[in-house]
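Enquirer: Going line by line, the protein sequences match chains A, B and C.
The C-terminal residue of the first sequence carries number 319 in this note's numbering, and the numbering is unbroken.
The C-terminal residue of the second sequence carries number 1885 in this note's numbering, and the numbering is unbroken.
The C-terminal residue of the third sequence carries number 215 in this note's numbering, and the numbering is unbroken.
No lab work stands behind these hints, which were simulated from the structure alone.
Careful, some of the hints might be misleading.
So these bits of chain A aren't anywhere near chain B, every CB distance computed over 10 angstroms [as the list claims (entries may be wrong)]:
#: 1; residue: Ala24
#: 2; residue: Arg119
#: 3; residue: Arg308
#: 4; residue: Thr309
So, partial list: chain A residues that the calculated Cβ filter (under 8 angstroms) puts toward chain C [claimed, not checked]:
#: 5; residue: Met4
#: 6; residue: Tyr9
#: 7; residue: Gln55
#: 8; residue: Asp58
#: 9; residue: Gly92
#: 10; residue: Gly104
#: 11; residue: Leu106
#: 12; residue: Lys109
#: 13; residue: His159
#: 14; residue: Ser239
#: 15; residue: Tyr240
Every residue gets a Cβ at the ideal spot worked out from N, C-alpha and C, and that includes glycine.
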Amino acid sequence: MKAFSYERARSPQQAAAVVAANPEARFIAGGTNLIDLMKLQIEAPRHLVDVQDLDLHRIEAKEDGGLRIGALVSNTALATDERIRRDYGAVARAIMAGASGQLRNKATTAGNLLQRTRCPYFYDTAQRCNKRAPGSGCAAIEGFSRGLGVIGTSEHCIATYPGDMAVALRLFETVVETVDAEGAVRMIPLAEFHRLPGTTPERDTVLEQGEFITAVHLGPPPEGRQFYQKVRDRASYAFALVSVAALLRPDGTGRVAFGGVAPRPWRVEEAEELLPQGARAVTDRAFRDARPTAGNAFKLPLATRTLAYVMAQAKG
Amino acid sequence: MMKFDRPAERNPIDDQTVVGQPTSRIDGALKTTGQARYAYEQHDVVPDQTYGYLVGAGIARGRIRAIDSRAARDLPGVIEVITWENAGDVTYPGGGTPDYLAGPEIQHYHQAVALVVAESFEAARDGAFLLEISYDRAPGRYALPSLAEGDWPAPDEAREGLEPVDSDTVGDFEAAFAAAPVRIEQRYQTSHESHAMMEPHATIAHWADGRLTLWTATQMVGWAQRSLARLFGIEKSDVRVIAPYVGGGFGAKLAIQSDAVLAAMAARKVGRPVKVALTRPMVMNNTTHRSATLQRVRLGAERDGRLTAIAHQGISGNLAEGRHEPAVSQTKLLYAGANRLTAMHMAILDLPKASDMRAPGEAPGLMALEVAMDELAEALGMDPVELRIRNDTQSDPADPERPFSERHLVECLRTGAERFGWSERSTTPGTRRDGDWLLGMGMAAGYRDNLVRQSAARIRLEQDGSLTVETDMTDIGTGSYTILAQTAAEMLGVPLGRVAVRLGDSDFPLSVGSGGQWGANNATAGLYAACVRLRAMICEMLQMPEAEAQFADGAVTGAGRRVELAELVRDEAISAEDRIEYGDLDETHQQATFAAHFVEAAVNAWTGEVRLRRMLSVCDAGRILNPKTARSQVIGSMTMGIGSALMEELAVDAGAGFFVNHDLAGYEVPVHADLPEQEVIFLDHPDAFSSPMKAKGVGELGLCGVGAAIANALYNATGIRLREYPLTLDGMLERLPPLAPPGP
Amino acid sequence: MAPASSTTSMKVSFRVNGTPRELELDPRVTLLDALREHLHLTGAKKGCDHGQCGACTTIVNGARINACLSLAVMHAGDEITTIEGIGQPDALHPLQAAFIEHDGYQCGYCTPGQICSALAMLEEIDRAVPSHVQEDLLQKAGITEAEIRERMSGNICRCGAYANIVAAILEIAEGETA
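Bound-form chain A, shown alone:
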């Protein structure tokens, strides 16, 4: 870990200004991912702006019936909020399916969106990794890739976005609110928030340097039953091999997003139209352009079967 200086932010805009002016500065909130990476020198900020004192810990009702979730609301607080449990059950379930009680107490809503990949080659600085060291190559494609992406990947990177919460958030009209150094507010649909790697896998999201997440907006709760089904070898405290977030209506229509398969929560609206034809039709379409490795090709039938499981629960 490189030496760094440390300050407490006084306002979102002030925090944004500090980080925008210093490419080696980073925001820190819960720290559960950033400190982990700093210890391995995968992240090496020289200045930290601790945002914990900012007034971003509230969940507010919006006029349109949705919710505005402060960026610093902890995973535990979010999943415990009665409105989330009642109207956005998939979000509560996704959060509680991730990490551990200790980590969820620290991890924040914004930080969770920014969680970096768990690709083991990203985590080992002696290995080639374009996301960590652009241009060094990708050791994962020819290496151990069981947990890695099958779609949305590129020849430069097959990392997945590892989180759960964001997968469930894709079921709703979720928008990420940010502020920049000038105080300009930007509303970024979650669908556009995480980038696909292409030739620049080092950039996980569309955020600019210094752009600071202040809130996450949820649209009004939609009709239908909500599910979050996470599949993993270990029963808890493990990243998803595949997860399925689903909103299913009695008429057989609905929305579906997949986790553990792509560099971002994977939702294909066209595929959802095929829900009445069954799980296989949906996944055939959603994963039409999949390029799995030999080590993770099982995720394709697993995604189908997991969706079928969820659809059976919706019927039952």
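Following the hints, put chains B and C in place on chain A, whose structure we already have.
Expert: What follows is chains B and C alone, placed relative to chain A:
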């Protein structure tokens, strides 16, 4: 010295007023309050401690071209950078053990290449990342051979990179197998596994006046002392090793590791104490692991189930000159059968060193043999429990004149079947269901040798009538503190609360140490010997005939007198030291422990996720010295068995030559949520051939066979026979119940 | 105590087990290392230093966290409870006594983390924090084996004392609700 060369007769341990009772651990109050201090936590034993941060090689094989440490040295707080070029003289053991500090040759990934020593942990870590190390890479061999169907090396056949290491034949296997009316031939694969004990390897090293003191996490204080003396070319008496608490080991801390050696090297170099803990991501490649195995099992039987031909062959990997994983050893002794073949090969691999992990040999070996037995039972149309009962043997199958000292496997099997409700198992796989979950039951037999080794201890009667036990024995979670206290209390008739136990210090008498499930029986037997001597000394002082002396309630009674022990001690405590040594009872008689494991598994019919519902282990392991701590050893082993069967695998990058998932997020071990209901039953069969304690090991037995029982339950649930561990859903997806076509 | 090296050190004050503490720390020092290396409170363990094992579980402002993944300087003004603040060998907390009675540990290295985690976990259930295994998200979870196992899954015990740990937690949970 007490020579144990005849079966034990009745002795004070048989009273079992303290021994054999389910006493809570005497170290419990310290452990549950955080007051038990582990190696890295000895901050007050010596002043001026510095921090060492270990740097591991970024390649698997090759040579260090250069290490540029200038930037690290310039960092404020950094004191020294130790590399092979400046570490000073040491003599590495060789013989399959990689050098603790590499240079210029690199023998495996994350082999230590440097230790950065600094005033703070933060500065040492910062300095470590400032080292610029360049390498010349060399090609290596990282995968076990892939053998085509029908191809397997003959028992003594050598091939390039594949050495025959052990083979044994009885009768004529090939002929008997060819003639057998029912045959099974299958291959199995187990994965590379990591011990993953919770306390990473850690050491504080301190030199003073040419003497080295280490506070270190080790299972074997005596081995550590000897190894360090050899490494640094000093007398054993000039090395002191202290390890009062050890945060688990499972074999990983049998031999010293780089933390101890580099801390000692660095402390010598900088003239100050150095503390080093391996970072978790470094543990799995820097230290040792259990090798993966390929195994081939062939079983031939009569239609009534009697085995006539048993062959078990295996291949494990290790560095050249390393030891193999003896995965076929139990097959020599578990079942009857006139014609037998066992053979191991070792593939030379350039992965990190493979070494002992809990139940070396039996743990992976039974994961193959006991699945093959399940497959044979099915081929015979016979109950798997009955098949094992039918093939029980009361003597070494290779030498009928050599009986087992005690063997109650059949009782384990029958007791377990009854208690578990085995009769409710469906004989047709894939037919029991609970909603979305397919249910199945499986069982397996367990076997693990009982090893007898010499062990010494000292016992002191203090002025207040209390007792102090001293031995260099370690307690790595096994309960040594408690069973030693129980032994002393029983032998001298003193309440348990009046016995203090001091462990893990090389200044104390040399014990057997912790490993190979040999610790409990031998360490208590060594203390038994010391207690017998102390009793004799007391009787001599009192001129009381030993045969008449009764030690109870803090007093000795005999010859018409009763004397409080506290009254015996005048100016100086009365101290007795002795050692147990063994004759040939382990040669005239096969000493072993036995188990029957039963498992109920649920497999999600949609996703293939496996979740266990119930586990039962019935153990025949001699006298159980403390049923509470022994049960913990067994449930802990069962838990490790869940990991081994269902999730644990050090994944090899066969190109770069290292274990990729080298942390506790990537290498999954069972968590609370993976645990089913667990039950343990101990049979009561003291073994008079093992020691005066009549105890045997139990800490590894609980792992032996569990994985196979899980595999067999999974098959019973699904009808899918997986033969490559871990048994993850990938292998099942295509064969699970098909998805129904979309309904209206 | 080791002086700070390459960075300007910072003052940080918090309360540990009820006692005000002021430290001068390199900002890189984690809460865990501040406790272990600077305050010599070694009850919280370093098992992985990456939030993957739970051995460092410490209670901060009433919530359990991984002390290894938090910087000490981020805890100015916080109320920190470590295992040393839960009970002492001669004055055990009932949960510590229950761990001893049920043999809820073996090597002891994960034990302080398990105990801190369990105490905070029971309060989480009380505060209606949901869990992954809860059937009905709108009801408060019961204190069942399944709930405890799921909620304690962030505390790894390689010795495999899980069954006994759950028994110990259930015993005191039942004692409190009785």
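Enquirer: Next, verify each hint and record whether it holds.
Expert: Here's how the hints hold up against the structure:
1. Once the 10 angstroms rule is applied to beta carbons, alanine 24(A) is consistent with being away from chain B; the minimum gap is 25 angstroms.
2. The beta carbon of arginine 119(A) is kept farther than 10 angstroms from every beta carbon of chain B, the shortest such distance being approximately 13 angstroms.
3. With a least beta-carbon separation of about 5 angstroms from chain B, arginine 308(A) fails to lie farther than 10 angstroms from that chain, contradicting its non-interface assignment.
4. Its closest Cβ contact with chain B, about 6 angstroms, brings threonine 309(A) to no more than 10 angstroms, contrary to its assignment away from the interface.
5. Contact between methionine 4(A) and chain C, as hinted, is supported at the beta carbon level, the nearest pair being about 5 angstroms apart and thus within 8 angstroms.
6. The beta carbon of tyrosine 9(A) comes within 4 angstroms of a beta carbon in chain C, closer than 8 angstroms, and the hint placing it at the interface holds.
7. Checking glutamine 55(A) against chain C by beta carbon gives a least distance of about 7 angstroms; that is within 8 angstroms, so the hint holds.
8. With its C-beta approaching chain C no nearer than about 17 angstroms, aspartate 58(A) sits outside the 8 angstroms limit, and its interface hint is violated.
9. The beta carbon of glycine 92(A) comes within 5 angstroms of a beta carbon in chain C, closer than 8 angstroms, and the hint placing it at the interface holds.
10. Taken as an interface hint, glycine 104(A) checks out: its beta carbon lies about 5 angstroms from the nearest beta carbon of chain C, inside 8 angstroms.
11. Using the Cβ-Cβ criterion of 8 angstroms, the hint placing leucine 106(A) at the interface with chain C is satisfied: the shortest such distance is roughly 6 angstroms.
12. Interface hint status for lysine 109(A): upheld, as the beta-carbon distance to the closest one in chain C is roughly 5 angstroms, under 8 angstroms.
13. Nearest Cβ of chain C to the Cβ of histidine 159(A): about 26 angstroms, over the 8 angstroms cut. The hint is violated.
14. Nearest Cβ of chain C to the Cβ of serine 239(A): about 4 angstroms, under the 8 angstroms cut. The hint holds.
15. Because the smallest distance between the Cβ of tyrosine 240(A) and any Cβ of chain C comes to about 5 angstroms, under 8 angstroms, the interface hint for this residue holds.
Hints 3, 4, 8 and 13 from the earlier list are contradicted by this structure; the remaining hints agree with it.
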